[in-house]
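Heads up, my numbering is the position in the sequence shown plus 213, with the first residue counted as 1.
Hints were generated in silico from the structure; no laboratory data involved.
Please note that a few of the clues may not be correct.
Mimicking DSS-like on lysine-lysine, the simulated pairs with C-alpha atoms at most 27 Å apart in a straight line are [claimed, not checked]: (1) Lys372 with Lys450; (2) Lys312 with Lys372; (3) Lys511 with Lys580; (4) Lys446 with Lys595; (5) Lys428 with Lys438; (6) Lys691 with Lys713; (7) Lys312 with Lys240; (8) Lys281 with Lys266; (9) Lys578 with Lys511; (10) Lys451 with Lys240; (11) Lys446 with Lys691; (12) Lys606 with Lys578; (13) Lys463 with Lys413; (14) Lys438 with Lys606; (15) Lys337 with Lys428; (16) Lys606 with Lys575; (17) Lys723 with Lys606; (18) Lys694 with Lys281.
Across the chosen pairs, the derived CB separations fall in these ranges [to be verified]: (19) Glu412 with Tyr704: 32 to 38 Å; (20) Phe424 with Ile698: 55 to 61 Å; (21) Lys446 with Tyr704: 52 to 58 Å; (22) Asn334 with Phe402: 35 to 41 Å.
No residue lacks a Cβ here, since even glycine has one placed at the ideal position from N, Cα and C.
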Amino acid sequence: MPVIVYHQNNKVVEVDFNGKSILFSQKSIADNLFQIAEQYPECLIIWCQLDLKSNLNRNVLAEIFHHKKIMASYNLSSISFLPESIEYVDESPFLNIKKDVSYPTWMMSEDVGGIYASVLNLLKDKINTNSSFDYFLHSMAKLAMLGGLLCYSEPLLVKDCRDVKVKDKKNDFLTFRFVKQHYRTRWVFILFLDLLFYEKRFAIFPLITSFIFKKRYLNEDLLDKIPVQSNRKVIEKKTIDVIIPTIGRKKYLHDVLKDLSKQTHLPENVIIIEQNSDLSSESELDYLNNENWPFNIKHTFTHQTGACNARNLALAEVTSEWVFLNDDDNRFESDLIEKTFENITQYGCLSVLTFYPDANQKLVKRKICQASIFGSGNSFIKATALKKVKFNKSLEFGYGEDTEFGIQLRNVGFDVIYFPNLLINHLRAPMGGFRTKPILAWKDEIVQPKPSPTIMFLKINNNTLKQVLGYKTVLFFKFYKVQQIKNPIKYLSSFRAQWKSSLLWAERLKG
């Protein structure tokens with residue numbers, strides 16, 4: 214049974230528990246949340262604007278908060294609490310929220326939301342409560358997300374609510390303060406430059422004022438004490454298909470198939486798309502028929518090369534409940550699929566990303582968390598997503614197709630959860646990749662596009678304008694270190710020309 218805290222004008226006005234009113238203090242909303250969490254340590258704590266009381270969708274709270282490491286809220290306004298200028302600093306997919314699905318984000322809202330008391334009790338005295346309630350929620354989510362708290366914008370929290378409240382836009386002081394407290398210090402200077410370059414605003418006072426505030430930290434191990442066991446059933450048949458695009462890696466693919474054949478939980482089908490651009494060539498994978506395999510192999514041989522096309526062909530052949538996006542130069546232990554299903558059951562998630570190291574790469578990110586990236590060679594997805602997503606062939610032979618696929622997943626409500634305890638070794642075997650180097654349409658351009666047009670395509674089609682411009686600024690400084698033009702004025706002119714060329718080719722890729 215949840216405790217529901219109703220608030221108005223930044224003050225608590227009513228607290229309800231099982232239909233009965235309980236006492237609350239005259240302190241801030243955030244302070245009340247912490248106090249109530251101490252009194253009801255096993256409960257879900259909900260906050261709600263008083264005028265949304267009748268719109269709170271109580272019937273789905275158990276579905277939304279299906280384990281104790283979830284924080285969710287919903288902003289009924291089309292305008293976020295933080296100004297759009299935060300987008301210059303943060304390039305992650307967590308900012309460009311899809312409002313009609315459950316979407317991963319640290320941008321919480323005071324309108325309506327919830328978090329378990331067990332999380333609040335661990336965070337008490339770790340998050341400053343002197344700011345506005347909205348600022349407190351944003352700060353808590355931004356910090357705790359790194360420690361494994363899963364944070365969402367969740368439209369199911371409200372029902373029958375058609376009136377969209379519009380919040381006042383906040384000034385630059387708020388953005389600079391938030392950036393100073395939650396990002397590396399250099400980002401306040403980059404934000405200053407972005408506002409100057411792109412909006413002709415000289416935000417010197419917000420910049421200076423931001424240094425009054427100290428950077429906020431949170432021990433990433435803090436939430437490890439909270440056990441996770443989802444009540445959401447996402448596995449029924451427990452069947453899984455494996456897809457593998459391959460080109461010229463006969464030996465390595467054989468090793469992958471051997472690893473799959475030793476799995477303690479076997480796949481139903483292994484779907485192989487073999488490519489060779491030589492029109493006179495035939496399949497070299499004789500072992501598919503010459504050896505016995507404990508799963509069905511669906512093999513397609515095609516002269517059309519390209520990982521996006523190959524993966525789409527494979528995804529169309531999936532018939533199981535789950536799909537493993539694999540690669541032809543991976544190695545993994547015999548319990549990979551079994552352990553993956555255990556993690557999926559524990560967290561009730563729909564998409565999984567594993568640790569995917571190259572040779573000698575060490576594990577750095579050790580927390581189970583919401584991933585900002587996606588990998589097309591080390592992911593597991595519930596197959597229901599495949600009706601709504603596919604690899605974008607506009608990015609064929611370029612870069613970013615896996616990132617773009619991950620964005621598609623999030624946009625249809627499939628959050629990508631990273632599990633560091635699941636290991637797939639990526640050998641990066643020779644003889645792989647594109648095999649014959651593709652002839653890029655822009656190879657003869659006098660002004661070579663930078664960044665790659667496929668990366669630009671990814672940015673302009675999935676990020677906000679300010680995120681793209683923020684990326685442009687960072688790229689400007691990164692390129693300056695490695696290119697030959699050292700005259701700043703000449704370099705600026707060259708960079709602008711290359712950026713313009715990249716934009717032009719990115720637009721052409723849409724066709």
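Each hint tested on the structure:
no.	hint	in the structure
1	Lys372 with Lys450	violated (32 Å)
2	Lys312 with Lys372	holds (14 Å)
3	Lys511 with Lys580	violated (36 Å)
4	Lys446 with Lys595	holds (12 Å)
5	Lys428 with Lys438	holds (25 Å)
6	Lys691 with Lys713	holds (17 Å)
7	Lys312 with Lys240	violated (32 Å)
8	Lys281 with Lys266	holds (24 Å)
9	Lys578 with Lys511	violated (35 Å)
10	Lys451 with Lys240	violated (50 Å)
11	Lys446 with Lys691	violated (46 Å)
12	Lys606 with Lys578	violated (31 Å)
13	Lys463 with Lys413	violated (57 Å)
14	Lys438 with Lys606	violated (44 Å)
15	Lys337 with Lys428	holds (18 Å)
16	Lys606 with Lys575	violated (33 Å)
17	Lys723 with Lys606	holds (10 Å)
18	Lys694 with Lys281	violated (46 Å)
19	Glu412 with Tyr704: 32 to 38 Å	violated (23 Å)
20	Phe424 with Ile698: 55 to 61 Å	violated (34 Å)
21	Lys446 with Tyr704: 52 to 58 Å	holds (57 Å)
22	Asn334 with Phe402: 35 to 41 Å	holds (37 Å)
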